[in-house]
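Given the coordinates of chain R, work out where chain P should sit on it, guided by the hints.
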Amino acid sequence: MHAVIRWGFILLLAATLAACAQPKRDAAEAERRAAEAAAAEEAERARREAEARAQGLGMPGTLSVDSLDDPQSPLSGRLVYFEYDSDTIRPEFIPMLEAHSLYLSQNPNARVRLEGHTDERGTREYNLALGERRAQAVRRVMNLNGARDNQLEVISFGEEMPVAFAQTEDAWAQNRRVEIVYEVRR
Amino acid sequence: MNRRSLQSWCLGVLLLVAGQASAVLEVTVTEGITGAIPVAVAPFVWEGAGSPPEDVAQIVGANLARTGRFDALARERLPRAPDTPEGFLAESWSSAGAEYLVIGRMRPQEGRVVIDFHVFDVLANQRMGGFRIPAPADQLRRGAHRVSDIVFETITGDRGAFSARIAYVAVTGQGDDRRHALEVADSDGANPRAMFRSNQPLMSPEWSPDGRDLVYVSFENRRSEIFRQNVETGARTRLASFPGINSAPTWSPDGTRLAMSLSRDGSPNIYVMDLATGALTQITRTNAIDTEPAWSPDGQTLYFTSDRSGSAQIYQMRLPGGTPQRLTYEGTSAGAATVSPDGKSLVYVRGGDGLRLARLDLETRRETLLTRGRFDKSPSFAPNGSMVIYSTTDRGRGILGSVSRDGRVHQRFAPRTGDVREPAWSPL
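These protein sequences, in sequence, are chains R and P.
Each residue of the first sequence is one higher than the one before, starting from 1 at the first, in the working numbering.
Each residue of the second sequence is one higher than the one before, starting from 187 at the first, in the working numbering.
Treat each hint with caution, since some may be false.
If the Cβ cut is set under 7 Å, some of the chain R residues that face chain P in the computed set are [stated by the list, open to error]:
1) T123
2) L128
3) E132
4) I155
5) P162
6) Q167
7) D170
8) E183
9) R186
Quick look at which bits of chain P chain R covers, simulated, 3 or more residues with Cβ under 8 Å [what the hints assert, rightly or not]:
10) 310 to 322
11) 370 to 381
12) 408 to 416
13) 422 to 434
14) 535 to 549
15) 585 to 597
So the derived list for chain R, only partly shown, Cβ under 7 Å to chain P, looks like this [to be verified]:
16) E125
17) S156
18) E160
Note that these hints are calculated values from the structure, not bench results.
We treat Cβ as the ideally placed atom computed from N, Cα and C, and that holds for glycine.
Isolated chain R, as found in the complex (with noise of 0.2 Å):
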């Protein structure tokens, strides 16, 4: 029993010591990512540009199947992310959503799977329906530009797949995410 009580006592400190210390330290933390995340983004974004214009985008012939592979080419991009309980889609990546509407446009077997993600901040089911909000953001947006339906098929994961697992505001905005999927290449 003496050992027992020795341990619930180790526990409950280091239970209080972690309680006491955690938040501050998190905030910090949350803050020096967030900024270097969003640099980080900014520059993938003039990146993702430039590459898009030097792609000749909207030019019909210049996305073969090839360039699916390619890392180069604004298709090798299969990633969308979101803003915190938000399925708007953000303008950096607008151009490659574009490639790959033109690409199913002009590939018209080609079919792409849309998997919704999402942090786990939110409810579980409400997540599951989050995610399918996203994914189907994702497809509006194709087939807006050429992309037919019969090509795009909208699934969610919800917070069940994340890809980071921190707690951590860099995680979590690597987990609210929309995947595509090519299930057919051409």
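Same frame as chain R, but now just chain P:
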């Protein structure tokens, strides 16, 4: 910290031994109350050969202590228990600090164990009741939970929920090796058994009102679908696989219908499925997210989450065809309501400063914050209404927590490896 509250912290620390393949949960009382009732549970006399298959008195004492309402006195401090109820001497137990005493004997008999036990009110110097329970010899633990229910009800007048079970989702491994299992365990986390395993996510388990079946969402076909599974036989049926999401199934109290959230028409709405015919009735019609339905005990009202106002909040709607009324205003969001068995309150997940559980009194509309975690989700009321079990995290790991209805007693159920989440308490 006084001696008694120190004990209620520590007595609950149990290591539970159970089946190999399933997650074993370790239960800890992390916050108890002062003024818990001191109870002595004397070791039960074993009349068979060798040593008894289970330490029933220990299980009963631990069950009582975990409610936070009792303080089970350490065995070393107890006087020798009388062999018969007639030998009860109140003075020796009151001087040991006990206000109540439980004594018992166990006798093996043709594959069963007959448990005889007695409950005494030490201060009133009287026997409150004597009971006999037969338990299958290989299920003596369940017998111990039934003894706990009877002792609890004899002393408090409230029904116990120790015989109830919990279903939950256990997750092990990472990346492509991630495995999900739907497990069912005793109310103290012992005897976990995997009902279904998948390398794709499982979510939203709920019990049928007769405790024989579970419904849940499985992604085994790479999309959300609703399945029903018999707990004893393991037989499974797919109930809903409509276009879009198939989510949040929950049984009507009479067991004939299932409320769920389907997005077959574009956005998630609440539907009710007649289980005999499979016929669907659409309950809500919005372009918003309507999900997480929960029934009132009389089956006349559905509570659900909707973001029709811009943020997720909880609404109530009379059946059939009432107008949804918003119930929650306190947090930046609200969802995943669970209804108390008496139908008088909801416990839900309140967003704002993290995700925390709050209780809403449906008559007074008064709210009480129950937990202080950052990710407290998926609450489920115990069938006697005394506690709520929920998902929470501990340094990034998914564990289960439980909190008494008044928010004063907190426990944690943690597996040794992996994560557990989305607990659902069975009916009694």
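Structure-based check of all given hints:
1. T123: 4 Å, holds
2. L128: For R:L128, the interface hint holds, since the closest Cβ of chain P sits about 5 Å away, which is under 7 Å.
3. E132: Cβ of R:E132 sits 5 Å from chain P, so the hint holds.
4. I155: 5 Å, holds
5. P162: The hint is violated - R:P162 has no Cβ within 7 Å of chain P, the shortest such distance being about 10 Å.
6. Q167: Where the cut-off is 7 Å and the nearest Cβ of chain P is about 6 Å from R:Q167, the hint holds.
7. D170: Violated, because the Cβ-Cβ distance from R:D170 to chain P comes to roughly 14 Å (cut-off 7 Å).
8. E183: Not OK, violated: R:E183 not within 7 Å of chain P, min 11 Å.
9. R186: 22 Å, violated
10. 310 to 322: violated (count 0)
11. 370 to 381: violated (count 0)
12. 408 to 416: holds (count 3)
13. 422 to 434: holds (count 4)
14. 535 to 549: With 3 residues in contact (Cβ-Cβ under 8 Å with chain R), the coverage given for the region 535 to 549 of chain P holds.
15. 585 to 597: Per the Cβ count (0), the hint is violated.
16. E125: 4 Å, holds
17. S156: Because about 6 Å separates R:S156 from the closest Cβ in chain P, which is inside the 7 Å limit, the hint holds.
18. E160: Holds: closest Cβ of chain P sits about 4 Å from R:E160, inside 7 Å.
Checked against the numbered hints above, the structure breaks hints 5, 7, 8, 9, 10, 11, 15 and satisfies the rest.
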